[in-house]
Amino acid sequence: DSGVTQTPKHLITATGQRVTLRCSPRSGDLSVYWYQQSLDQGLQFLIQYYNGEERAKGNILERFSAQQFPDLHSELNLSSLELGDSALYFCASSAALADPYNEQFFGPGTRLTVL
Amino acid sequence: DAKTTQPPSMDCAEGRAANLPCNHSTISGNEYVYWYRQIHSQGPQYIIHGLKNNETNEMASLIITEDRKSSTLILPHATLRDTAVYYCIVKPETSGSRLTFGEGTQLTVNP
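Taken in sequence, the protein lines are chains H and Y. Each residue of the first sequence is one higher than the last, beginning at 1 in this note's numbering. Each residue of the second sequence is one higher than the last, beginning at 1 in this note's numbering.
By construction, these hints were calculated from the structure, which means they are not laboratory data. Everything numeric in this text was worked out from a predicted model, so none of it was measured. Check each hint, because a few of them may be wrong.
Claimed, not checked - With a Cα cut of at most 30 Å, we get these calculated DSS-like pairs of lysine-lysine:
id	chain 1	residue 1	chain 2	residue 2
1	H	K57	Y	K3
2	H	K57	H	K9
3	H	K57	Y	K69
What the hints assert, rightly or not - Simulated restraints, written as ranges between beta carbons of each label pair:
id	chain 1	residue 1	chain 2	residue 2	range
4	H	Q17	Y	I39	25 to 33 Å
5	H	P8	Y	S9	26 to 34 Å
6	Y	H77	H	E103	18 to 26 Å
7	Y	I39	H	I60	20 to 28 Å
8	Y	L51	H	P8	33 to 41 Å
9	Y	G29	H	Q17	43 to 51 Å
Cβ atoms here follow ideal geometry from the backbone N, Cα and C, with glycine treated the same way.
Looking at chain H on its own, in the form it has when it is part of the complex (with noise of 0.2 Å):
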C-alpha cells in the first residue's frame, strides 16, 4: 500500500460524458502527478500540482483538467470523452517538489471505460 489513494477504483462511461477522477495524496505530500497508461500510448505525464499550484504540463488534451484542494486532494475532470479515452489513470504523489530523492508514490490506478 502505497498510502496514495484513487477513487473510484473502475468507471464505465459514455462517448461525450464528463467524469471527475479523485486523489488523495500520501499524508504530507505536496506534490500530486497525474499520469494516463493506454495501450497504444503507454505511461503517460499528463500533469503535476505542487501546495495547490500547477507546476508541469505534459500532454494532456484541451478537454482534461486538474485542479488540487486546500486539503492536498486532486481531481482530473475529463470531459467530452472519446473512446480513445478509456485507459488507467494512475495518479502519485512526492513530498518535494523536486529533490535528490524524487520517489514518487503512485495509487492504484482508476480504470475508464468509454464505451
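Since the structure of chain H is provided, determine the placement of chain Y on it from the hints.
Chain Y in isolation, oriented as in the chain H frame:
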C-alpha cells in the same frame, strides 16, 4: 530527458539473480538513473536510483558503468512476485519531477 533502451522481455528462474540492462548513452552529467516497476496494471513502484556510484537497497542493486552510458538493475534472488515490467528512467535532478516512461522490460520469473 535522456532516452533509454531496454530489452522488451527477459526470463529468469525463481531464486536466481535477475540482471536487467539499460542503455542511456546520451545521459548528461546531472541526470540520475531511476528504476520503477509495474506489476500487472498496478501503480508503478519505485525501486532504486543512482547518479554514478553503485547503489543497493532492500529491493535491488544498481550498477552504473564508469562512463554512465549504461546500467544494470540486479534483483539478487528473484521470486514469482518480481514478475513485472521494469522501467529505467533517466532524468535531471531538478527537471520538475515528471517521470518519462519508456516501454520497459517485461521480466517473467519462472518457477
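Here is how each hint holds up against the structure:
no. : hint                        : verdict
1   : K57/H to K3/Y               : holds (19 Å)
2   : K57/H to K9/H               : holds (24 Å)
3   : K57/H to K69/Y              : holds (28 Å)
4   : Q17/H to I39/Y: 25 to 33 Å  : holds (31 Å)
5   : P8/H to S9/Y: 26 to 34 Å    : holds (32 Å)
6   : H77/Y to E103/H: 18 to 26 Å : holds (23 Å)
7   : I39/Y to I60/H: 20 to 28 Å  : holds (26 Å)
8   : L51/Y to P8/H: 33 to 41 Å   : holds (39 Å)
9   : G29/Y to Q17/H: 43 to 51 Å  : holds (48 Å)
The structure shown violates none of the earlier numbered hints.
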